[in-house]
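Build out the structure end to end from the sequences listed, making use of the hints.
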Amino acid sequence: MDATDLYKHADTVNELLARYGVKFGVYKNNVFNEQLFPFDAIPRVLEHEEFALLEKGLKQRVKALNLFIKDIYSHKQILRDKIIPEEFIYAGSGYLAECDGVMPPQGIFTHIAGIDLVQGKDSAWYILEDNLRVPSGASYPMIARDLCRRSSPKTFQRTDIDDNRNYADLLRRVMDFVNPGGHVAILTPGRFNAAYFEHSYLAERTGAHLVNGSELVAENDHLYFIDYSGRKEPVGVVYRRISDEFLDPMTFNSNSLIGIPHLFDIYRKGHVAIMNAPGNGVADDKGIYYFVPKMIKYYLGEDPLLQNAPTYLPYYKEDMDYITKNFDHLVLKDVAEAGGYGVFFGAKLTLKEKADFKALLRAEPRRFIAQEIIDFKDIPIMEKGEAVPRKADLRAFVLMADEPLVWHSGLTRFTRNPDSFIVNSSQGGGFKDTWVLSH
Amino acid sequence: MGIISLETTNRLYWLGRYSERVYTTILLFSRGYDTMIDGPQSDYATFCKKLDIPDIYTCCDDFSTDYCFNKDNPDSIYANLVRAYDNAILLRQDIGSDTLSYIQLAIYEMNKAKSSDAPLIELQKVLDNIMAFWGMAEDNIGNEQIRNILKIGKRIERIDLFSRFKRPEADISREVNRLTARLVRTSIPYRKENIDHLNDLINHFPINYAKIIEEVDTVLEE
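Chains as they are written, first to last, in our numbering: chain H, 1 to 439; chain P, 1 to 222.
Note that these hints are calculated values from the structure, not bench results. Only a predicted model underlies this, so the values are computations on that prediction, with no experimental measurement involved. Every residue gets a Cβ at the ideal spot worked out from N, C-alpha and C, and that includes glycine. There may be inaccurate statements among the hints.
[As the list claims (entries may be wrong)] In silico DSSO-like pairs for lysine-lysine, Cα to Cα no more than 27 Å straight-line: (1) 76(H) / 63(H); (2) 112(P) / 384(H); (3) 348(H) / 121(H); (4) 121(H) / 377(H); (5) 114(P) / 28(H); (6) 211(P) / 192(P); (7) 8(H) / 23(H); (8) 8(H) / 112(P); (9) 125(P) / 23(H); (10) 23(H) / 192(P).
[What the hints assert, rightly or not] Derived DEER-like restraints, expressed as beta-carbon distance ranges: (11) 416(H) / 43(P): 48 to 54 Å; (12) 416(H) / 52(P): 46 to 52 Å; (13) 307(H) / 140(P): 43 to 49 Å; (14) 10(P) / 30(H): 24 to 30 Å.
Structure representation (structure tokens):
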């Protein structure tokens with residue numbers, strides 16, 4: 001694949017991305033700034049066969065995660081069978097007692113899963129994280145692809161690549177599948193949210209209404225959208241882009257001004273689908289990640305097709321011993337943090353910090369996980385006209401309708417800092433399109 | 001997408017008003033500034049008075065810089081463009097990414113003009129983008145109600161500004177006719193008595209500009 005033509009026009013594509021408002025918001029020192037998300041025109045290319053394997057593994061994983069959440073909020077069989085210790089469920093902030101016994105429309109909890117993977121230098125793929133609450137990022141490669149096809153049509157004529165501009169169609173398919181009847185709304189906390197571009201772009205592309213909490217009202221166990229003349233139209237799906245705790249002040253955080261009072265009551269009665277389902281955090285906790293391979297075996301009776309990064313839980317004595325002995329070779333992650341925060345490389349800590357950290361692990365064994373540092377495969381990015389190697393991850397998207405649907409693309413995020421593994425946009429990273437070859 | 005919320009209606013209306021305010025005030029400013037090249041340098045005070053904004057400027061040069069480009073000055077053209085953007089950015093799904101992009105481009109051009117050696121001539125590019133925005137809105141927005149609400153905002157703002165600058169009667173008359181035609185095509189609540197009164201006013205000469213401003217600014221119901 002010759003990317004010369006693509007990066008020749010990279011500046012134009014970046015200008016067009018700026019023109020279309022492809023940005024994300026960042027709060028720094030209490031000041032909100034919108035930043036452009038730097039796009040690198042050299043795509044990450046995934047061979048057809050390679051992606052076919054990933055696709056199988058991703059479907060398997062998300063199926064199991066969906067069954068796990070369903071089980072946790074109903075029979076809790078996996079706890080009874082002692083596959084996962086109870087404290088990993090009830091002590092985590094992701095478990096919501098309010099969701100106990102609530103079955104969402106079509107039994108789907110994980111409507112959109114953002115699964116973060118990295119490829120090691122040995123070319124093996126490792127799952128780093130499952131994002132099952134409000135994963136974002138699909139809109140960026142989608143719009144970038146559209147612009148790249150315009151900037152370099154010949155590249156796309158010469159290369160058979162699966163079209164990724166169908167993400168909105170897949171999303172709409174999920175929305176329609178779970179819709180008990182009514183309009184589809186995307187609930188946004190507003191333009192100062194980091195992913196606001198995505199909220200508005202997906203609303204445009206799916207034909208959903210982009211709304212804030214004050215535009216929807218609960219009445220007689222149904223949810224309505226109110227127009228300017230006071231006319232009410234039923235809403236069947238809320239693709240929420242706000243966290244569980246802010247969804248409904250009557251059920252969760254009573255101080256929430258961005259949620260919809262009584263939304264949860266309507267959801268409980270099955271009159272509205274909430275995408276993703278409230279309470280999903282129970283399954284994407286970094287501590288629970290450790291158990292996903294066991295879940296796959298437990299619920300599907302299959303061996304996992306995709307592997308986790310080797311992970312240790314200080315909760316288990318043998319793991320704690322391993323962590324203590326191999327501290328300098330491990331990365332430690334606070335299970336409550338996200339966005340690249342709460343990540344500590346053992347080798348980079350001072351002697352005192354190491355001692356303090358080990359004491360903290362003993363005091364709060366549930367709070368951290370430790371992982372072997374995966375030496376990611378570098379991929380090239382263009383910098384000042386030259387291709388330079390950088391670390392990158394891949395967020396794959398799996399949507400759940402009548403069957404799991406894997407989007408044939410993904411968000412490739414890279415670090416611009418040659419010494420860093422942190423690829424998050426909030427920490428200065430950029431993004432690439434992800435090509436899946438058709439043959 | 002046959003349903004439009006009150007919030008969206010409000011944003012569309014103000015997007016129409018602010019984008020028109022930017023467009024027309026750039027034109028009015030350019031004409032006013034041109035007369036100051038040869039005439040009295042303090043004429044900007046009259047300009048401020050007509051717009052009913054405080055004259056906080058120290059000289060003609062300060063006026064031309066601050067009124068056009070100081071986004072912290074709430075009366076500046078820049079601040080009004082930011083307000084247009086603040087509404088537009090919340091309307092992507094209603095007006096479309098392509099239409100929205102021209103407001104974004106106008107912001108970029110405003111920033112470029114601000115740091116240019118010849119900032120006033122560069123404002124032409126802001127005008128071009130506002131015009132393109134309106135063209136795209138006309139061409140690209142399928143929902144007639146959305147187009148109507150945007151244009152009602154635009155017409156109300158234009159009648160207000162034209163009246164403040166005592167534009168010829170024919171100009172005001174044309175805009176009132178356009179507003180009337182647009183209002184009857186929507187189901188937005190408006191005060192019919194104001195529209196009737198406006199139509200009377202444009203048929204009485206000399207035109208009572210102050211009364212027109214009063215009527216047009218209260219034509220929509222809260």
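_Violated constraints from the hint list, given by number and in increasing order_ = 10
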